[in-house]
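K.L.:
Here's the letter readout for the chains.
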Amino acid sequence: MNKQRLQTCWSLFGVVLVAAWGQLLPVRFNGRMPQASGGDVLALVLGEARLEISRSLTEKADEYFHGGVRDLHCDEGIVSHAHAVSSKGLGTNGVARAGMGHADRDGDHDEGHDDHDAEHASGVSARGDLWRWIDSRVHEQTHRHLKSDQMIEVLPWFWAASRVSGKNTEAYESGAYVLAYALDKPEEGVKLLEEGVRNNPAAPSLDFMMGEILLHLEHDSARAEPWFTSAHAKARAALQGAKRTDEQKMVCLRSAFYLGYLAKQRGDWARVRAFADEAESLAPENVVTHDLRSLLKADQPKP
Amino acid sequence: MNIVGYRQVRALAGLSVLELYRRKDLIVVFLLCAIILLPLMLFSPFGVSGASRYVDELALLLVWVFSLVIGLGVSARLFPPEFENRTIYPMLSKPVGRGTLLAGKYMGALAASVSALVVFYLAYALLIGMRQGVWFPGILLQAFVLHVGFLVVVTALGLAGSLVMTPSANLTLCALTLLGMLFYGQRLPELAASQQPFGRCMLLALYAVGPHVEFFDLRQRVVHEWPAIGWDVCLAVMVYAVGYAAVCLMLAALAFRKKKF
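Listed in order, the protein sequences are those of chains U and R. Each residue of the first sequence is one higher than the one before, starting from 62 at the first, in my numbering. Each residue of the second sequence is one higher than the one before, starting from 35 at the first, in my numbering.
None of these hints come from the bench; they were simulated from the model. Heads up, a few of these hints could be off.
Claimed, not checked - Using C-beta positions, here's what the derived DEER-type ranges look like:
1) U/W82 with R/P115: 44 to 54 Å
2) R/M199 with U/E120: 35 to 45 Å
3) U/D338 with R/F217: 48 to 58 Å
4) U/K252 with R/L238: 50 to 60 Å
5) U/S72 with R/F117: 39 to 49 Å
6) U/H351 with R/L95: 42 to 52 Å
7) R/G277 with U/C135: 34 to 44 Å
As the list claims (entries may be wrong) - Not close to chain U: a few residues of chain R, all C-beta gaps over 12 Å, as computed:
8) E53
9) A68
10) R87
11) Y88
12) L92
13) F117
14) S149
15) L160
16) L252
17) A270
18) L283
What the hints assert, rightly or not - Where chain U lies over chain R, by a calculated footprint (3+ residues, C-beta under 8 Å):
19) 182-194
20) 256-267
Positions of the beta carbon are idealized from the N, C-alpha and C atoms, including for glycine.
Can you make the complete structure from the sequences, with help from the hints?
P.N.:
And the structure:
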């Protein structure tokens, strides 16, 4: 065997050895490898940074909603806008949106608010600074919200955000809202929320939104009630934990309202009263508590 | 400049334009754009089609990136090969004055970059025309005009840098400066305010003399269908571009005059 052939043989042997070692490693150190088996490429490459990237993609969607204006302190977000856009259709089955306030119930919330047309200069005074003066003229911003038929523009960013990280509940929530309320595709919204619930089993807001879409848009109280029940249970469990948030409290109150409303439809007044008492103990001054009390007062049969 | 000088400048500029198309840089970046954009155009998130702004934004971003690459690449590669191959001697002994040579090279780099930009904007206009049915909106013309202003500055900076630095150092420094100014140009005073006196002076000096290429960026206006800016503002920005390029070329002429080959 000449020297060249020997080198080739050694090289081939090296390749086979490395390949075999690569196959052997996960078997030999099963469960102790830094990468989890079945993890996708994004998980391997980006790791924990995925959630941050996903959040920035959600912010990009918000920027699109505000007509391309960044870093804006505007009270109206995608979800509240979708509520406003769809509020006319919500009264049809006789139940108002829980916790959205009374204006929503009339269907006139933010009517004509699609375009603020508030002129935003670059935000900083350009006095005595020529460069800033030119920039403020070039980049003078017109803040206007997307109209409901334009809301499709934010979808690619929510799609990307939910694909980059399944833990970004806001991406699922807002994406489902846009699909269901602004674009009138509730089944697509439900599918997205189902995926969100699979990825975030402890997040009550996704269950709650699922219930809302099924009740308000699909008019299917039988499918909606289990979602409100699970949202209520998850929110209550979260409220008993160390990290209580106002959002969890609101989900708990609002799902209690819907459960109370559905119980009222069946004439189960004891259950309505139980939810009203629970809301009273959680937040006595909240509008949802007031709505629950109204449910009891309005139609309760006289003894 | 007399008629002979004008012809010399035109001949030198023509050579630079030919060089761009001979190297097929434009075809490569055009193919790259197509490879990135075509799948995105066919993409429908959550099974819903009709979103277009994200494609517009990405297309314009690619136009900006590739115009920067072409503008900087063409201008920074004009003189170094002439010095390396010593072809600068026969060129200067034609006789072509150093000023004429510099002007010709600059005009060539600018013409080549702008010709590539025309192709990019035509492709972009076709893209939005076919997808959205909007053909050549007014804001797109302004975006193109200001983008030309951007190239006026970029090519002048690249050419000046090529006379005082090595090609790799020039490309790196110019790219960093231009991208830094594009993204942080208007935030420099706020950044300076939170620095120690030395850092503050440096940042404020950069703010004063750095190339404010953010003036030329109308991408947000185009993508989100904002109204067009006033043409007086457009003119003011173009005056800035020409003024900045003139200063760069004067410094380049100074460096070229003192350069020993």
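K.L.:
Hint by hint, note whether the structure agrees.
P.N.:
Results of checking the hints against the structure:
1. The given range of 44 to 54 Å is respected by U/W82 and R/P115, whose C-beta atoms sit roughly 48 Å from each other.
2. Take R/M199 and U/E120: their Cβ atoms lie about 38 Å apart, and the range 35 to 45 Å holds.
3. One distance hint, 48 to 58 Å for the beta-carbon pair U/D338 and R/F217, holds here, with the actual separation near 56 Å.
4. Checked against the hint of 50 to 60 Å, the C-beta distance between U/K252 and R/L238 comes to roughly 54 Å, which is consistent with it.
5. Range check, U/S72 to R/F117: Cβ separation about 44 Å, and the 39 to 49 Å hint holds.
6. With their beta carbons about 50 Å apart, U/H351 and R/L95 fall inside the hinted range of 42 to 52 Å.
7. One distance hint, 34 to 44 Å for the beta-carbon pair R/G277 and U/C135, holds here, with the actual separation near 38 Å.
8. With a least CB separation of 33 Å from chain U, R/E53 remains clear of the 12 Å interface cut-off, as annotated.
9. No Cβ of chain U comes within 12 Å of the Cβ of R/A68; the nearest lies about 19 Å off, and the non-interface call holds.
10. Consistency note on R/R87: stated as away from chain U, yet its beta-carbon is not over 12 Å from all of that chain's, at 5 Å minimum.
11. Non-interface call for R/Y88 relative to chain U: violated, since the shortest CB-CB distance, roughly 4 Å, does not exceed 12 Å.
12. The claim that R/L92 is not at the interface with chain U is violated, since a C-beta of that chain comes within 12 Å of its own (minimum 10 Å).
13. The claim that R/F117 lies off the interface holds: its Cβ sits roughly 36 Å from the closest Cβ of chain U, which is beyond the 12 Å cut-off.
14. Even its closest Cβ contact with chain U, about 25 Å, leaves R/S149 beyond 12 Å, as expected for a residue assigned away from the interface.
15. Its beta-carbon lying about 21 Å from the closest one in chain U, R/L160 satisfies the requirement of being farther than 12 Å from that chain.
16. Distance check on R/L252: its Cβ comes as close as 7 Å (rounded) to a Cβ of chain U, failing to clear the 12 Å threshold; non-interface status is violated.
17. A cut-off of 12 Å between C-beta atoms contradicts the statement that R/A270 is not in contact with chain U; the least separation is 6 Å.
18. R/L283, annotated as away from the interface, keeps every beta carbon of chain U farther than 12 Å; the closest lies near 21 Å.
19. Figure legend: the segment 182-194 of chain R, annotated as covered by chain U; annotation inconsistent (0 residues with Cβ-Cβ distances under 8 Å, at least 3 required).
20. Remark: the segment 256-267 of chain R is confirmed as covered by chain U, as 7 of its residues place a Cβ nearer than 8 Å to a Cβ of that chain, reaching the required three.
Checked against the numbered hints above, the structure violates hints 10, 11, 12, 16, 17 and 19; every other hint is satisfied.
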